[in-house]
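Asks: Okay, here's what each chain looks like letter by letter:
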Amino acid sequence: MVSEITTTRVTFKVFRFNMETDYLPYYKTYEMDVTSEEVVLDILNRIKWEFDGSFSYRRSCRHGICGACAIKVNGKGVLACKERINDLIAMFGTELRFDPLSEKRAIKDMIIDKKDFWVKHEQVNPYLDSHIEEHPDMECAVTPAQAEALLDADYCIQCGLCHYSCPVIEINEEYIGPAAFAKAYRFNADVRDDGIDHRIDIINAPGAGVWDCVKCYECTQVCPKEVDPFEKITKLHNQVFEHGRALNNVATRHAVGFAHSIKKHGLLDEGELVRYSEGNLGVMKHVPVAIKMFTKGKIVLPWNMPKSENLDEIQKLVKSSSTAKF
Amino acid sequence: MKQLEYALFTGCTAKESTPEQLMSTYAVANKLGIKIVELVEASCCGASHLQDYDDFLSLVLNARNIAYAEKRGMTMITICNTCQINTAMTKHRLDHDAALKARVNEKLAEVGLEYKGTSEIKHFLYALIDDFGLDQIQSMVSVPLSQFNIAPFYGCHNIRPSELQHESNGGENPYNPRSLDDLIAALGGKSVDYEEKNKCCGFHAELQAPHTAAMLTGKALMGAMDQNADWMVTPCPLCHLKLDTQYAHASKAVGRDVKMPVLHMQQMVGLALGCSKEELGLKHHVSEVNFI
Ligand code: SF4
Ligand code: SF4
Ligand code: FES
Chain A
-10 MVSEITTTRV TFKVFRFNME TDYLPYYKTY EMDVTSEEVV LDILNRIKWE
40 FDGSFSYRRS CRHGICGACA IKVNGKGVLA CKERINDLIA MFGTELRFDP
90 LSEKRAIKDM IIDKKDFWVK HEQVNPYLDS HIEEHPDMEC AVTPAQAEAL
140 LDADYCIQCG LCHYSCPVIE INEEYIGPAA FAKAYRFNAD VRDDGIDHRI
190 DIINAPGAGV WDCVKCYECT QVCPKEVDPF EKITKLHNQV FEHGRALNNV
240 ATRHAVGFAH SIKKHGLLDE GELVRYSEGN LGVMKHVPVA IKMFTKGKIV
290 LPWNMPKSEN LDEIQKLVKS SSTAKF
Chain B
2 MKQLEYALFT GCTAKESTPE QLMSTYAVAN KLGIKIVELV EASCCGASHL
52 QDYDDFLSLV LNARNIAYAE KRGMTMITIC NTCQINTAMT KHRLDHDAAL
102 KARVNEKLAE VGLEYKGTSE IKHFLYALID DFGLDQIQSM VSVPLSQFNI
152 APFYGCHNIR PSELQHESNG GENPYNPRSL DDLIAALGGK SVDYEEKNKC
202 CGFHAELQAP HTAAMLTGKA LMGAMDQNAD WMVTPCPLCH LKLDTQYAHA
252 SKAVGRDVKM PVLHMQQMVG LALGCSKEEL GLKHHVSEVN FI
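Protein sequences, first through last, are from chains A and B. Numbered by the numbering used here, the letters in the first sequence go through residues -10 to 315 in order. Numbered by the numbering used here, the letters in the second sequence go through residues 2 to 293 in order.
Treat the hints as calculated values from the structure; they're not laboratory data. For glycine and all other residues, C-beta sits at the position ideal for the given N, C-alpha and C. Errors might be hidden in some of the hints.
Quick list of in silico lysine to aspartate or glutamate cross-link-like pairs, EDC-like style, CA-CA up to 20 Å [claimed, not checked]:
no., chain 1, residue 1, chain 2, residue 2
1, B, K72, A, D41
2, A, K2, A, D41
3, A, K281, B, E289
4, A, K2, B, D194
5, B, K117, A, E302
6, B, K102, A, D41
7, A, K305, B, D56
Here are some, though not all, of the chain B residues that point toward chain A, as calculated from beta-carbon distances under 8 Å [claimed, not checked]:
no., residue
8, A48
9, L62
10, C157
11, G203
12, V287
One chain only, chain A, in its complex shape (with noise of 0.2 Å):
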């Protein structure tokens, strides 16, 4: 059955810059009527064709699998070619506003600098690392169980809504982020790979590896493929350990802590997993907070630290079902 098409009045403010003529950028307003049946990336052709012919915007296949035309609708991360605008009419009313993936890497419009996306994509060594025999005998097959173990990570297109979302993409330079991550994974969950590692190494670099996540996860959110970075990351941390990778720094401490904490109290110990991650010199910098918790009764003292009832089954449960070593 084909439903009826419904027209909805519309205004879009619409974020305007060119890198080589406009100190700063603008946003102009845009009202049109629109149907149900348009998606973003048609009102971005209206607005170059009906408004203004100098309107820029990147987009190719208009099929959802050349990630080019990736912008933001009030914040929301979208592909333009696939996002209905009756959904974000619902979502947000009928005032949307659109800008470009990131404002400050913007050049004309909607349209980015995605450097620093190619660059982090090009570090964690985005290919097979293997050695193929050029004049093989037989085909190197690979399973389907094995194929699946990718999880879907080989879908990626590579459009840069994941990264641009990224909280720390935008305050911490070094990080490599969602996209990449999720590549890095791709590879390391390949079998015929052997760089594993080496690219173990890459992603477990305090600053800019997987350890700076922050677990907020809007790039599984953001992710118009489903390629779930988040999930990516968790394996990769997982991986880390199981490699024997782990560097013994906060960060590797903090993770593992929790296994002590748990296996002593069932619950965590809260100051304890600070002193054990940060080490005895490190936590003193948290001292002055601390001594502000304190005065205000948010600091349990060891000898009063809460336990689980039937803590013997916590503990059995950690010895017999620990599959990880540090």
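Place chain B with the ligands on chain A using the hints.
Replies: For chain B with the ligands alone, coordinates are given in the frame of chain A:
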């Protein structure tokens, strides 16, 4: 209405650094006539960090916690966004993967438990809104919060990823969440709209990436301040710890003095229902609650 009953997974912070959160949970439940049974056997959920070290152990421990709610035949409520996502994610993974569920249950059998998948898991915020009802809460307000501009801070793990939050929990739209705004309105307050309300507070990288974490906290506080908020409210004790206790680092990172009172969602409801400030533990805040 039949009396609502829940199995409460308190999480660790409620027993340690945010005692006011547990106190106010009980204060609100008592006022509303909601019965709460505490899951005293529960362990830490691993706070989204244990899984980085040992994913399987994290699953087993979370499945054990859920099993205790199931044994009581009750819906589990959480009062921490991260407890919520870890527990609900465990449920999601076990319910969708029979082999994994069998492996986990093999371990649980060693201590005479079984994960079945029969208990729902939701944050107390959504139990209040979806089960108890906003209208019902509104009708019980005795001290409307009408003189306050209140900035809601949602916290990542209650709103993303959508797929999980729709399956269990509030089913919030992560790009335009409504629950706290609606709750504020029902209590007579004015909710403040600001850019950072659905963004990250930085808590989970505080030790290993202090600058990133402080920037995110600072931006959130700044966003709320710039929209004239009198105070902030959050359903997550981890966001609360960040916003309430870390203003010195946050101010340094963003180059501006950012500090304001931050209430737990339960404390806000409690205030409007006429609970005393002792019952709500308001003295346990580092950024003093100076408006009561
Ligand atoms: S979960 Fe991690 S990688 Fe993904 S957007 Fe958040 S900080 Fe970035
Ligand atoms: S992981 Fe998803 S959001 Fe990120 S670049 Fe690839 S397709 Fe785009
Ligand atoms: S135009 Fe290719 S993905 Fe949208």
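Asks: Look at each hint and say if it fits the structure.
Replies: We went through each hint and held it up to the structure:
With a C-alpha separation of about 65 Å, the suggested pairing of K72/B with D41/A is violated against the 20 Å cut-off. For the given pair, K2/A sits about 14 Å from D41/A by alpha-carbon distance, which is consistent with the 20 Å threshold. Between the alpha carbons of K281/A and E289/B the distance comes to roughly 11 Å, so the proposed pair stays at or under 20 Å and holds. For the hint pairing K2/A with D194/B, the CA-to-CA distance comes to about 18 Å; that is within 20 Å, so the pair holds.
Between the alpha carbons of K117/B and E302/A the distance comes to roughly 18 Å, so the proposed pair stays at or under 20 Å and holds. For the given pair, K102/B sits about 58 Å from D41/A by alpha-carbon distance, which is inconsistent with the 20 Å threshold. A distance of roughly 17 Å separates the Cα atoms of K305/A and D56/B; the hinted pair therefore holds under the 20 Å criterion. A hinted interface residue such as A48/B counts as satisfied when its beta carbon comes closer than 8 Å to some beta carbon of chain A; here the least separation is about 7 Å, so the hint holds.
Because the closest C-beta pair between L62/B and chain A is about 7 Å apart, less than 8 Å, the hint holds. With a cut of 8 Å, the hint placing C157/B at the interface with chain A holds, because the nearest CB-to-CB distance is about 4 Å. With a cut of 8 Å, the hint placing G203/B at the interface with chain A holds, because the nearest CB-to-CB distance is about 5 Å. The criterion of a C-beta within 8 Å of any C-beta in chain A is met by V287/B, whose closest approach is roughly 5 Å, and the hint holds.
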